[in-house]
Amino acid sequence: MIAGVLVAGGALGLNSCDGNHPEGVEADAREVRSVSLNGGNYEVVDYENNLFELPVDSTEVHVLEDSGREFVSRDVDTLWIKGETAERLGVDDAA
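Mapping of the sequence shown onto the numbering used here: position 14 corresponds to residue 1249, and the numbering continues sequentially without gaps.
Derived Cβ-Cβ restraints for the label pairs, each shown as a range: (1) Asp-1327 / Glu-1283: 28 to 34 Å; (2) Gly-1274 / Gly-1303: 25 to 31 Å; (3) Gly-1275 / Glu-1322: 18 to 24 Å; (4) Ala-1262 / Glu-1300: 19 to 25 Å; (5) Asp-1327 / Glu-1288: 16 to 22 Å; (6) Gly-1325 / Ala-1262: 25 to 31 Å.
List of simulated lysine to any residue pairs, SDA-like, C-alpha gap at most 20 Å: (7) Lys-1317 / Val-1280; (8) Lys-1317 / Asp-1263; (9) Lys-1317 / Arg-1265; (10) Lys-1317 / Glu-1295; (11) Lys-1317 / Asp-1301; (12) Lys-1317 / Glu-1300; (13) Lys-1317 / Arg-1268; (14) Lys-1317 / Glu-1261; (15) Lys-1317 / Gly-1259; (16) Lys-1317 / Pro-1290; (17) Lys-1317 / Glu-1266; (18) Lys-1317 / Asn-1255; (19) Lys-1317 / Ser-1271; (20) Lys-1317 / Asp-1281; (21) Lys-1317 / Ser-1269; (22) Lys-1317 / Glu-1258; (23) Lys-1317 / Leu-1286; (24) Lys-1317 / Glu-1288; (25) Lys-1317 / Glu-1305; (26) Lys-1317 / Ser-1302; (27) Lys-1317 / Asn-1273; (28) Lys-1317 / Leu-1272; (29) Lys-1317 / Arg-1304; (30) Lys-1317 / Ala-1262; (31) Lys-1317 / Tyr-1282; (32) Lys-1317 / Asp-1327; (33) Lys-1317 / Val-1291.
Hints in this document: simulated from the structure, not taken from any laboratory. Glycine residues also receive a C-beta, built at the ideal position from the N, C-alpha and C atoms.
Using the sequences and the hints given, assemble the complete structure.
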């Protein structure tokens, strides 16, 4: 079971701090191109082709139900992912 999974439900508005991020996503989070699972790590690639490896057991994951975009926090310990990505990775969205 994946620890720390939260669902950001309902219609997503825009974050008041940054008009480019869905509500609930940190204003300084970077948008990512892909999220995959490799062993015990999430492998995250941003749009600048930076690869981040986040340990599954210590990464907080939020499922964005109404977003077509995904994000990683600047301190690289939190992910905001699409519902289809959560399903593909087997992320349990029942917090």
